[in-house]
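Colleague: Residues per chain are reported as follows:
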Amino acid sequence: MGENTVKVKIKKKSQAGDIWRRFLKNKTAVFGLIVFSLIMLVVLLADVIVSYDSALTQNIMDRLQAPGAAHWFGTDNFGRDIFARIVHGSRNSLLVGIGAVAIGITVGGLLGSVAGFYGGKIDSVIGRIMDTIMSIPLMLLVLSLVTALGNSLINVLLAMMIANIPQYVRIVRAAILSVVGQDYIEAARACGTSNLKIIVKHVIPNAIGPIIVQATMAVGTMILNAAGISFLGMGIQPPTPEWGAMLNEGKQFMTMYPYIVVFPGIAIGLTALALNLMGDGLRDALDPKLKD
Amino acid sequence: MSKYILKRLLTLIPTLLAVIFIVYFIMDLTPGDPGTLILGERASQEEIDAKNEELGYNKPLPVRYVNYVADLVHGDMGNSWKSGRPVMGEIIARLPVTVTLAVGAILIGTVIGILVGILSAVKQYSFLDFSATAIAMALASFPGFWIGMMLILLFSLYLGWLPSFGGGDLKHYILPWITTACPFLASQMRMTRTSMLEVIRMDYIRTARAKGQRESKIIMQHALRNALLPVVTILGINFGGLLGGTVTIETVFTLPGVGSLIIEAIRTKDVPIVTGATVMLASFFAILMLIVDVLYAYIDPRIKSRYERK
Amino acid sequence: MDHTIEHTDKILEVENLTAVYNTDAGVVHAVNGVSFSINKKETIGLVGETGAGKTTTALAIMQLLPERTGEVKSGSIRYRGDELLTKNKAEMRLIRGACISMIFQDPMTALNPLMTVGEQIYESLAIHNSNKTQKELEPRVDELLELVGIPARRKINYPHEFSGGMKQRIVIAIALACEPLLLIADEPTTALDVTIQAQVLNLMDELKQKLSTSMIMITHDLGVVAQTCDKVAVMYAGEIVEYGMLEEIFDPNRPHHPYTIGLFNAIPSLSGESRRLKPIDGLMPDPANLPEGCRFHPRCQECMECCKSGEIYQYENGTHKIKCNLMRKGENDGRAD
Chain Y
1 MGENTVKVKI KKKSQAGDIW RRFLKNKTAV FGLIVFSLIM LVVLLADVIV
51 SYDSALTQNI MDRLQAPGAA HWFGTDNFGR DIFARIVHGS RNSLLVGIGA
101 VAIGITVGGL LGSVAGFYGG KIDSVIGRIM DTIMSIPLML LVLSLVTALG
151 NSLINVLLAM MIANIPQYVR IVRAAILSVV GQDYIEAARA CGTSNLKIIV
201 KHVIPNAIGP IIVQATMAVG TMILNAAGIS FLGMGIQPPT PEWGAMLNEG
251 KQFMTMYPYI VVFPGIAIGL TALALNLMGD GLRDALDPKL KD
Chain A
1001 MSKYILKRLL TLIPTLLAVI FIVYFIMDLT PGDPGTLILG ERASQEEIDA
1051 KNEELGYNKP LPVRYVNYVA DLVHGDMGNS WKSGRPVMGE IIARLPVTVT
1101 LAVGAILIGT VIGILVGILS AVKQYSFLDF SATAIAMALA SFPGFWIGMM
1151 LILLFSLYLG WLPSFGGGDL KHYILPWITT ACPFLASQMR MTRTSMLEVI
1201 RMDYIRTARA KGQRESKIIM QHALRNALLP VVTILGINFG GLLGGTVTIE
1251 TVFTLPGVGS LIIEAIRTKD VPIVTGATVM LASFFAILML IVDVLYAYID
1301 PRIKSRYERK
Chain H
2001 MDHTIEHTDK ILEVENLTAV YNTDAGVVHA VNGVSFSINK KETIGLVGET
2051 GAGKTTTALA IMQLLPERTG EVKSGSIRYR GDELLTKNKA EMRLIRGACI
2101 SMIFQDPMTA LNPLMTVGEQ IYESLAIHNS NKTQKELEPR VDELLELVGI
2151 PARRKINYPH EFSGGMKQRI VIAIALACEP LLLIADEPTT ALDVTIQAQV
2201 LNLMDELKQK LSTSMIMITH DLGVVAQTCD KVAVMYAGEI VEYGMLEEIF
2251 DPNRPHHPYT IGLFNAIPSL SGESRRLKPI DGLMPDPANL PEGCRFHPRC
2301 QECMECCKSG EIYQYENGTH KIKCNLMRKG ENDGRAD
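Chains as they are written, first to last, in my numbering: chain Y, 1 to 292; chain A, 1001 to 1310; chain H, 2001 to 2337.
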């Protein structure tokens, strides 16, 4: 009766595949992904959609036009096409958001891994410095950095990055500590696996989940903060199209011409929303136990 | 316990010194010097140098930092380069507005955020849960200052219910409170919901059910207290965000608070004001984080015993 | 005469209980037509591997299945002749804790970390004694703690200040606070050290005698069964495959279900010559996708063609019941080993 012995099928699927499948099941997350992809498409194809000139050209004859066929989102007080400014402004906003987070993760990740993996004195020194930076409210830190460094896109990016580093040091350090303490790492050690191999094969794949989730959401937060900075009239200066700066310029006209402030705000909110939805979906996909 | 609090208060001192140093250092990088700023571009170089010397600006950074801290201990944050008045006085004059704004927003955000968070978790997957989560997501995604602008358009201009600009009676604060509370509320709500969902699945909740306890008591007596720990942490962190956020919101509603003082000072390169105000807000934040830590011990006996052992 | 007494003495009767979990991955058939009964002062052991549906059966009795996913599909659960499945939430609350109590597997997580153990025992008393004041109930808290061997003065301590074994004693004190007629113990000793296990089992046995409580002992440990139970139900994939008095199940000369034999072969024996342990090949089937016919047939050494589909033969010999096609012939000629 040999044929009757064990016939248990164990489904073997890759972990990444599982995560991706769970992500796709989450409708809001997929919505976020689609919206974000569209926004990225706008960023890449901005010049194809509408020329950069129309975002800058002032036309007094056309000033403060309501949204219509000629100007989808209307025109501002200089007669510039708001749609064109939003399309081209997307580049600046996303550059600051993604740039600050990407550099922040690299620097913070490095410091965090060192702190988490080696511990001891290095850990406590890095920790102290990061705690101090973190004890200054982020917006205030960025504001004073921009004041000191001067108003420019690069400086805003730099300021955001500096303000961002501590949080990644924390996440990466925590992620590494949580992984290092696990039995399977001890098991790998016991089998004589080298430190580097442990980091590459075990620590990174396991720590990367929470980092990606945090980073996705942080890009949204940074876009919001960058908008706040330029709304205060700092950072990126006019006439460069930037969403927060558009709100700042449009502020005084908003009572008569609300559309001037409505559309840039929606652009900021939609981008952050897409990122947040993606981040949420990713977290649920990585950690499905919360969902039953 | 009091020993622990005292110890924490003592460790607060180096933290504050470091915070002050960082702020002071950053502001020191700002181009320009007080002499030029105070006397104007047309003054002669000698006059400017003399003014700088009078203010101690020609000394190296570490010396100025030590002097600054020494003065700070006596409640002196220097004088504004612009108005010449003491920085401390300028800040204190603006403080009530910011405190009113922050406290009101925290109350609204915490109470509504936690309540809706609990309901959302208890009725997971219900219509209420779905809509609350969606609204929280939107509130967290749109810039607070923009939400404020939209509220002004709706409630002040179209409906004419509420004033939109300036300080004064509390009616002027309703829109700023709501605006400031929005991202805060969203974050509190989401955190409470997540935390509650986790706690509701715990074994001790099942134990309480097995005792025959009624569901409302299980939620209020067992689940909520356990779920509050991460919520309190987020509360502290959010408070920092809120302090930063008041800067933009004070601008939208033209409220004369510390935030708008900082912005005005940044525009005029009035370094002592920026430094002083930032130090003040950062210190508030540090003290609040300490309070959160102490609050922890009152919620969780495990943490309390850990504190007492130290 | 005997018959009538036995009838009134029935504490719990479970009949044809079927329970499922509705998950995203599909319907999980956790319990499929389980029947058993417990008399006064009697202990029944539910034995089987993880995932056999033991805990689901217990939760179904308590009506504590996860609200959104868990569902009792059919069957009947009668407590002293009173149907539990038709009771509403408020009525069930009066049963839980007062008439039927439950002890959970992991004492480390079963207690609320933010309440003193005294408060948690008191809560249990207060729920079912709303006419009494705290002052009247407080001595009972002390008494209960002493009963499970913990000094009453420690009632002001929090769970994290106790060891695992002591926590389980506190859990037992909570469960017994209102002197329930039935106690469901879900692997009460699995999470404990072996030496502590024996202590806790002895304590439970002692208290059971003292309070004349009936008990459902859920375990995968046949040693625990031998020590505590009067009746045994062997569960596999949500079904009871063999059911009988303790002596019947442990009697090697009687016929047994191949799974029961497998379970016994998988434990080391002290008396017999030292032969290798024989674990049962394969894994418990996926309860969302159960095999046709006998649930055990893919792992069964003696599987026949008729086992792969259709109804499975039910052997009955007095109190001893076995669900296996092998018994069809075994009924006449005894079981040839």
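Keep in mind that the hints were calculated from the coordinates and are not lab data. Keep in mind that a hint or two might mislead.
Sample of chain H residues facing chain A (criterion: CB under 10 Å; computed from the structure) [said to hold, decoys possible]:
| id | residue |
| --- | --- |
| 1 | Pro2066 |
| 2 | Arg2093 |
| 3 | Leu2094 |
| 4 | Pro2159 |
| 5 | His2160 |
| 6 | Asp2193 |
| 7 | Thr2195 |
Just the calculated beta-carbon pair ranges, DEER-fashion [unchecked claim]:
| id | chain 1 | residue 1 | chain 2 | residue 2 | range |
| --- | --- | --- | --- | --- | --- |
| 8 | A | Leu1010 | Y | Lys197 | 41 to 47 Å |
| 9 | H | Asp2024 | A | Val1069 | 27 to 33 Å |
| 10 | H | Leu2094 | A | Gln1221 | 16 to 22 Å |
| 11 | Y | Val200 | A | Glu1264 | 50 to 56 Å |
| 12 | A | Leu1010 | Y | Val200 | 38 to 44 Å |
| 13 | A | Ile1299 | H | Ser2163 | 21 to 27 Å |
| 14 | A | Leu1061 | Y | Lys197 | 54 to 60 Å |
| 15 | H | Ala2266 | A | Ser1131 | 50 to 56 Å |
| 16 | A | Gly1056 | Y | Ser37 | 32 to 38 Å |
| 17 | H | Gly2164 | A | Met1001 | 25 to 31 Å |
Since we're looking at a predicted model, the values are computed, not measured. Glycine residues also receive a C-beta, built at the ideal position from the N, C-alpha and C atoms.
Colleague: Against this structure, judge whether each hint is valid.
Modeller: Here is what the structure says about each hint:
no. : hint                                : verdict
1   : Pro2066                             : 9 Å, holds
2   : Arg2093                             : 4 Å, holds
3   : Leu2094                             : 7 Å, holds
4   : Pro2159                             : 9 Å, holds
5   : His2160                             : 5 Å, holds
6   : Asp2193                             : 19 Å, violated
7   : Thr2195                             : 24 Å, violated
8   : A:Leu1010 <-> Y:Lys197: 41 to 47 Å  : 44 Å, holds
9   : H:Asp2024 <-> A:Val1069: 27 to 33 Å : 59 Å, violated
10  : H:Leu2094 <-> A:Gln1221: 16 to 22 Å : 19 Å, holds
11  : Y:Val200 <-> A:Glu1264: 50 to 56 Å  : 52 Å, holds
12  : A:Leu1010 <-> Y:Val200: 38 to 44 Å  : 43 Å, holds
13  : A:Ile1299 <-> H:Ser2163: 21 to 27 Å : 24 Å, holds
14  : A:Leu1061 <-> Y:Lys197: 54 to 60 Å  : 46 Å, violated
15  : H:Ala2266 <-> A:Ser1131: 50 to 56 Å : 53 Å, holds
16  : A:Gly1056 <-> Y:Ser37: 32 to 38 Å   : 56 Å, violated
17  : H:Gly2164 <-> A:Met1001: 25 to 31 Å : 28 Å, holds
In summary, the numbered hints that this structure violates are 6, 7, 9, 14, 16.
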